[in-house]
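Trainee: Kindly produce the complete structure, drawing on both the sequences and the hints.
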Amino acid sequence: MPLLGLIGFPLSHSFSPNYFKNKFEKEDIKDWSYQAFPLESIDLFPKLWKDHPDLIGLNVTIPYKEKVIPYLDDLDESVKELQVVNTIKKQGNKLIGYNTDTIGFEISLCNFINNNNNNIKNFLYNLNIKALILGTGGAAKAVAFVLDKLSIKYKFVSRKSGTIHLNYKDLDKTIIHNHQLIINTTPLGTYPKINTCPDIPYLYLSSKHFLFDLTYNPAISLFLKLGNQQGASTLN
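In terms of the working numbering, the sequence shown opens at residue 19 and continues consecutively.
In short, the hints are calculated from the structure, not lab data. Here the structure is a predicted model, which means the values were calculated and not measured. Even glycine gets a Cβ: it sits at the ideal position worked out from N, Cα and C. Among these hints, one or two may not hold up.
Lysine-lysine pairs mimicking DSSO-like chemistry, simulated, CA-CA at most 27 Å apart [what the hints assert, rightly or not]:
no.	residue 1	residue 2
1	Lys-226	Lys-187
2	Lys-211	Lys-243
3	Lys-85	Lys-48
Quick list of the computed label-pair ranges, beta carbon to beta carbon [claimed, not checked]:
no.	residue 1	residue 2	range
4	His-70	Asp-92	14 to 22 Å
5	Gly-249	Ser-30	32 to 40 Å
6	Leu-62	Gly-249	43 to 51 Å
Mentor: Have a look at this one:
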């Protein structure tokens with residue numbers, strides 16, 4: 019029986035097993051299964067494949083999107099640039115790493131900002147939209163990859179300061195005003211810690227802002243809820 023799964027740690031927040039179970043039933047895909055594999059250490063990755071000979075593919079989430087790369091035999095072109103993997107496919111005896119975050123984020127973002135615009139790149143450029151990427155992990159790199167493609171200028175925000183990084187303490191009214199797109203790539207607000215959120219000055223948000231949260235559980239995170247209260251457009 020072909021087996022698919024998800025690796026990461028912890029995985030209590032994940033919708034993936036139920037999502038795929040429902041998908042298999044809805045699309046009449048028989049004899050396939052999907053399991054969550056919460057690995058306490060990436061060192062357990064080889065043993066996972068050895069213990070599950072029917073395993074043919076994996077999704078990868080925090081904290082292993084970068085740490086899993088040394089265990090793979092080959093990488094898709096986007097992964098070679100990003101050095102971030104979120105999907106693994108077994109082909110013969112080889113494990114190939116892919117990144118689908120870039121595709122999903124680009125489509126979602128373009129639809130989110132302007133649903134009816136055919137030339138989204140020019141539209142965004144003409145609006146002079148700038149972005150703040152909250153976080154600097156693997157998901158943040160995928161987001162930056164898309165923003166570069168769309169010619170959207172951005173700054174990373176983290177607990178450290180640097181040339182291309184802002185510290186959360188640096189965020190003031192002017193910075194928030196000048197960055198209309200704010201993307202949360204951190205795990206803050208993810209179930210079960212739903213009462214947490216990135217430490218930004220939400221009072222400076224307005225109806226001109228777009229808040230995008232890579233967290234999907236809960237559907238409306240505290241980050242999005244606080245943005246909604248200030249009139250911002252929001253999407254997970």
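Trainee: Is the Cα-Cα distance between Lys-211 and Lys-243 27 Å or less?
Mentor: holds, 15 Å
Trainee: Are the Cα atoms of Lys-85 and Lys-48 separated by 27 Å or less?
Mentor: Outside the cut-off at roughly 33 Å; violated.
Trainee: Regarding Leu-62 and Gly-249, is the given constraint of 43 to 51 Å on their beta-carbon distance met?
Mentor: This hint holds: roughly 46 Å between Cβ atoms.
Trainee: Sort out whether Lys-187 lies within 27 Å of Lys-226, counting only the CA atoms.
Mentor: holds, 22 Å
Trainee: Can you let me know if the beta-carbon spacing of Gly-249 and Ser-30 is within 32 to 40 Å?
Mentor: Given a distance of about 33 Å, which is inside 32 to 40 Å, the answer is holds.
Trainee: Note whether the CB distance of His-70 and Asp-92 lies within 14 to 22 Å or breaks it.
Mentor: The hinted range 14 to 22 Å holds for His-70 and Asp-92, with Cβ atoms some 21 Å apart.
Checked against the numbered hints above, the structure breaks only hint 3 and satisfies the rest.
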